[in-house]
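Enquirer: Chain residues, written in single-letter form:
4 protein chains.
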Amino acid sequence: MERVYRLVISCPDATGIVAKVSNFLSGHNGWITEANHHADRPSGMFYMRNEIRADSLPFDLEEFETLFQPIAQECGMNWRITDSHQPKKVVLMASKESHCLADILHRWHSNELPCEISCVIANHDHLRSMVEWHDIPFHHVPVDPNNKPKAFAEVSGLIKQYQADTVVLARYMQILPPELCHTHAGRIINIHHSFLPSFAGARPYHQAAERGVKLIGATCHYVTEVLDAGPIIDQDVSRISHRDTVEDMVRLGKDVEKNVLARGLRWHLEDRVIVHGNKTVVFS
Amino acid sequence: MERVYRLVISCPDATGIVAKVSNFLSGHNGWITEANHHADRPSGMFYMRNEIRADSLPFDLEEFETLFQPIAQECGMNWRITDSHQPKKVVLMASKESHCLADILHRWHSNELPCEISCVIANHDHLRSMVEWHDIPFHHVPVDPNNKPKAFAEVSGLIKQYQADTVVLARYMQILPPELCHTHAGRIINIHHSFLPSFAGARPYHQAAERGVKLIGATCHYVTEVLDAGPIIDQDVSRISHRDTVEDMVRLGKDVEKNVLARGLRWHLEDRVIVHGNKTVVFS
Amino acid sequence: MERVYRLVISCPDATGIVAKVSNFLSGHNGWITEANHHADRPSGMFYMRNEIRADSLPFDLEEFETLFQPIAQECGMNWRITDSHQPKKVVLMASKESHCLADILHRWHSNELPCEISCVIANHDHLRSMVEWHDIPFHHVPVDPNNKPKAFAEVSGLIKQYQADTVVLARYMQILPPELCHTHAGRIINIHHSFLPSFAGARPYHQAAERGVKLIGATCHYVTEVLDAGPIIDQDVSRISHRDTVEDMVRLGKDVEKNVLARGLRWHLEDRVIVHGNKTVVFS
Amino acid sequence: MERVYRLVISCPDATGIVAKVSNFLSGHNGWITEANHHADRPSGMFYMRNEIRADSLPFDLEEFETLFQPIAQECGMNWRITDSHQPKKVVLMASKESHCLADILHRWHSNELPCEISCVIANHDHLRSMVEWHDIPFHHVPVDPNNKPKAFAEVSGLIKQYQADTVVLARYMQILPPELCHTHAGRIINIHHSFLPSFAGARPYHQAAERGVKLIGATCHYVTEVLDAGPIIDQDVSRISHRDTVEDMVRLGKDVEKNVLARGLRWHLEDRVIVHGNKTVVFS
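If you read the protein sequences in the order shown, they are chains A, B, C and D.
Quick note on numbering: the UniProt record's numbering labels position 90 of the first sequence as 90, and the sequence is numbered without any gaps.
Quick note on numbering: the UniProt record's numbering labels position 1 of the second sequence as 1, and the sequence is numbered without any gaps.
Quick note on numbering: the UniProt record's numbering labels position 81 of the third sequence as 81, and the sequence is numbered without any gaps.
Quick note on numbering: the UniProt record's numbering labels position 275 of the fourth sequence as 275, and the sequence is numbered without any gaps.
By construction, these hints were calculated from the structure, which means they are not laboratory data.
Everything numeric in this text was worked out from a predicted model, so none of it was measured.
Please note: incorrect hints may appear among the correct ones.
[As the list claims (entries may be wrong)] What follows is a set of in silico ranges between Cβ atoms, one per label pair, in the way DEER data are often shown:
id, chain 1, residue 1, chain 2, residue 2, range
1, B, 206, A, 124, 38 to 44 Å
2, A, 226, B, 69, 55 to 61 Å
3, A, 73, C, 85, 36 to 42 Å
4, B, 87, C, 128, 26 to 32 Å
5, A, 83, D, 248, 19 to 25 Å
6, A, 62, B, 206, 42 to 48 Å
[Claimed, not checked] Think about it this way: if two alpha-carbon atoms lie no more than 20 Å apart in a straight line, the pair counts; the simulated SDA-like pairs of lysine to any residue are:
id, chain 1, residue 1, chain 2, residue 2
7, C, 89, C, 160
8, C, 150, C, 225
9, C, 279, C, 225
10, D, 150, D, 162
11, B, 279, B, 79
12, C, 96, B, 134
13, D, 279, D, 39
14, A, 279, B, 210
15, A, 279, B, 243
16, C, 279, D, 210
17, C, 96, B, 110
18, B, 279, A, 250
19, D, 279, D, 181
20, C, 279, D, 239
21, C, 279, C, 10
22, B, 96, C, 108
23, B, 89, B, 110
24, D, 96, D, 129
25, D, 279, C, 247
26, C, 96, B, 109
27, B, 279, A, 241
28, C, 160, C, 224
29, A, 96, A, 137
30, D, 279, C, 248
31, A, 279, B, 242
32, A, 89, A, 267
33, D, 150, D, 124
34, D, 96, A, 133
[Claimed, not checked] Some, not all, of what chain A presents toward chain C, calculated at C-beta under 7 Å:
id, residue
35, 15
36, 16
37, 18
38, 19
39, 22
40, 23
The beta carbon of each residue, even a glycine, is placed where N, CA and C say it ideally should be.
All chains, full assembly: derive it from the sequences and hints.
Expert: Laid out in C-alpha cells, this is it:
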C-alpha cells in the first residue's frame, strides 16, 4: 500500500488554520490524498486530519515535526503525525469467548487490519491454540478476586515489554484497574455488548430481554476509569423479535460486536479518531 | 380489502391448543389466511393470532364469540376477535410539532392506515388548519401547570364522546395523568424520541449529544403510569456523526419517529400486538 | 439560519489547490464552517466544497466571483458559488400518487427543506387541493400519447416562467423528452422505485416480486436522456419477506422512496452533489 | 440443545390442513415449540413448518413418517421431517479468498452452526492449513479450462463419498457443471457478491463502481443451471460513498457476504427454507 503520513490536529478554531497548514504542505510539494475538517461550534474547537503521500515530501517524519512546530505553536495545536508504514502495535486481551478475537485475528491475517499484533493476553487458556496458529505469542494471565494487583502488574508489564500503542479488550470481561486506564488513556478500546448508555455493566443481553427492546446493539469505546462510560467510537444494532431468547440475542449480538469492534479498531489504527472531552470525532 | 376476522389469543401453553382452535375453525369451513404462534418459554405462555376470511364462516362475530367460548374457557384464554371492516377509532393528540401528525394524517388519507380518525386534540392551536383540511374535528385543549385536572377531564370526555379505541400521542409532549393511563391501558401509544431505555424524559436529543452516541433512535410504546417505561412496540435508529448538531439530530430523528410510530400504530390497528407483562409479542 | 456561501469546485487534481483556495479565503478573513475534499484517483479529478460565513467576508458574491476568477482559471476549475439566503427555485412534478409530493411539501412547510417551491405541475388533477392548501400554484398539464410535444412545451414554458433551478419528479410517471433532459442536465431529480440498476423501467415492484428478492429499494438520481440510467444521488432499501405481496411492497416502498428523495433533494439544494461523468460526489 | 423434529410441508392450499396436522400432533401428545404457516395467494400454495419436541412423541422418525403418510397423501403434500440431532453434512467449496470459509469454520467451531462439516474442497491449496487446524479434511481439486470434466467428477465423487446433504460455495469462483446443479437442486448454496439481480457474473464490485451505486450488497441463493439466477435465500447491503474505491468495496463487501451466507446457511440447516418455483419461503 502507498505510504502516507497522517497529520492529525486539534486546536481552538480560528480563521486561517487550513491556509497555514495547506501552505506548509504545498510549500513542500506535499500531495494531500485525503483531508477532513471539523469545526465544533459548541466547544469552539477545530479538528483536522490530512493524509499526505510520503514520497511527495522532501523530508522524513522527524524533520516534518521540526518544521511544522512553529505553526503548531502559533495555533495552539494538539497534534501528531504518523506513518502508515509504521503500523501500531496492538495487544489483544480476551477471555473465553472467541468471536471478537477470531475476527480480529482473521482480518489481520488477511492484511485487512493495518497493525502488528504483539501478543494476546487472556485470563483463560482456552484460545491459546487459535492464537498460536497465527504465530502470535499467547500469555495466560489468570485473574481472580485475590490476585488482581499481581495479575494486572503482569498485564501492564507485558504491554510495556511489547511497546504496545493500543490495547483491545476483545470481550475481556474483567475491569481494568484505574491506573492502567489512566496510563493508556485513548489507547485502550473496549467492545461492550449493548447500545450504550443502555445496559451498561454486567449481562446486558439479559437486561435487554428484561426490558423488551426490539433492537440489540454493541458499542466500541475508549476505556476510562468509569465503567462503560468512555468516549464512543462506533455503535450498531441488530433487530430482534419476541421469538428471540437471551441465547439468540447472544448469538445475534456476536455479529454486531465483532463488526463494530473491527470498524472502530480500523479507524483508530488509521488515526481517524480524535477524542474531545468524552466524545469522539471520527473522520471515517 | 377482503374482510377478515382476527382471532387473538393468550393462554398458558399446553399440548393441543392449536388443534382445538384449528379444528373449531376448519369444522366451520373457516379459511385461515394468516396464522402466527409464539410459545414463550420463560413465562410458559402461548400467543396466537389467526386471520380468517369472514365470508368463509357461516356466522357473524357475535355467534363466533358464543361458539368459541367453551374452547376459550377450557384453555384459560384471554382472547378477542375483531373485524377488519370495523376499523378502530383513533384519537390523535399533538402539540406544536407537525411531523408525526402530518405523517399519520397522510397515511390515513391515502388509505394506508386501517382506522377511523375521530378527532385531533392539541394543547396548541397551530395545527388546526392542517387537521381541518382533512375534514377531521380539531379540539384545542390548552394545558398549563394550573389547569391540568380540568384539561385532562376535557381530554377524557372527548375520548369517551368519540368512543375511541386507541389514543396516539403524536409528540404530545404532556404527561398524561395516571388514571387516564390506567383506564386506557394497552390502548395509548406514544412515540418517544430516543432509543429507550436510553434518554428517557425530557430533551433526549440533547442527552444523546451530551453522551456522544453514534446512533439516535425512537421508540413506540404503550403508555403506562411510569414515564417512558411501558411495553415497547417498535424501535429504530439512524446513524449520526460528530458533524451533526442537536438541531441536525432533531431533524434526522423526525424521520425515525414518524416511521416507527406509523409502523407500531399499523400493527396495533391490525391486532398484531399482544402485551405480556411489560413486553410485547408483535406478529408483524 | 446563519448565512453561508457555498463554494463548489471540480478541477484536475494537483498539489497546492487547497492552499490556493484557503489562502484566498483566509486572506479575506473568510470563516470556513465546513470543508470537504475528494481526490478521485481513477479520473485524476479533485472535488471541493467549502461553506464560508457570509458575514466574515468583506464583499458580496459578485465581487467574490471576480476576485476568485484568477485562481479558478489557473487551476482549470469548473466552479460555482451560491448563497444560502438565495434558495433554489424548485418545480415539483407529480401524477396521482401523493406520498412523495406530500412528503416534500410537508418538509418545505416545516422549514426543513431550504428552497422555494415555485409550483407543482401534474398530469392529473387529483392533488390540486393538497398543493393549494400550501399556497403553491398548481398546474394541470395532462399528458397523453397524442399531445406529448404540446404538453411538454407547456411544462418547459412553466419551468422557464418560474425561473426554476431544479425540477423534481415526485413519482411523475411520464418520460421526459430528451431535449428537456438535456437543457436541464444535473437539475432534474427523479425517484425511481427500485434499487437501480435492478428493475429499471415499468412496474419495478412487480419485477422484484417476480425475482423473489429479499430487499426492495429506491434510487434518487439525476435524469438523463437514458431512462433510469442517470447519475445516482442516493439509494436505500427495506427488508421484505415471502409474506409481502406486491401491494405490501408498494406500501413499504413508499417510505423508502420518500426518504431517499428527500435526502437527495436536500443535498442537491445545499450544493452538496457534484456530478462527474455518470456518477456523483456527495459531500453529505 | 433440546431435540426437536422439524416437519416441513408444501401443498395446495385448502381449508383444514392446519387442523389435520395439529390434530395428528396433539393426538400423539406432540408439543409444538415453533410453528409457521404461509398461504401464497398467487400460486394457491400452502407452506408450513412445525418444530415438535422429540421427547413429547411416543415414536421415532420412521414411525412418524408411516403414521403421517395418509394425511400427506390426502392433502397432496410435498413434505419432509428431520431430526435436530441428525445435523446435515456439509461440504464447503472454496478458492483462495478466506473470509467466508473462515467465518463458517469459526461459527461451526463455536457450536453456532448446527451441522457437520464433512470436508473442504478447494481449487487452490492456500487454505489447507486453516482447514486442517479445525480437523477437517481438505481436498485440493485444481480446476483449469482443460480438466473440468475430470475435476468435477472428482468433486462429485467426494460429495457422494461424504454423503453430503448440502454443498456451500464459499466464494468458490468456479461455475459448476449443469448436471451437478441438477443432481443437488436445492442443496447447493452460493454467495454472490452483489445485490442480485444487479451485477450478476464476474467482477460485481467493478460493475458497481462503474455504475456509481451508493450501496453494495451480497446475495445468498440456491445454485441452478443458470448463473446467479437461482432462488434467493437472503440479501443484505452496505452503504458506500464516492470515497470508496473498488478495493474498499471488496473489503466492505466481505462483511456483508459472510453475514448473509452464514444467515442463509443457518436457515437452510434448520430446514427453514422452502423453495417454490424460483423463490423461497424463509421461516426465519
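Enquirer: Tell me the numbers of any earlier hints that the structure contravenes, in ascending order.
Expert: none
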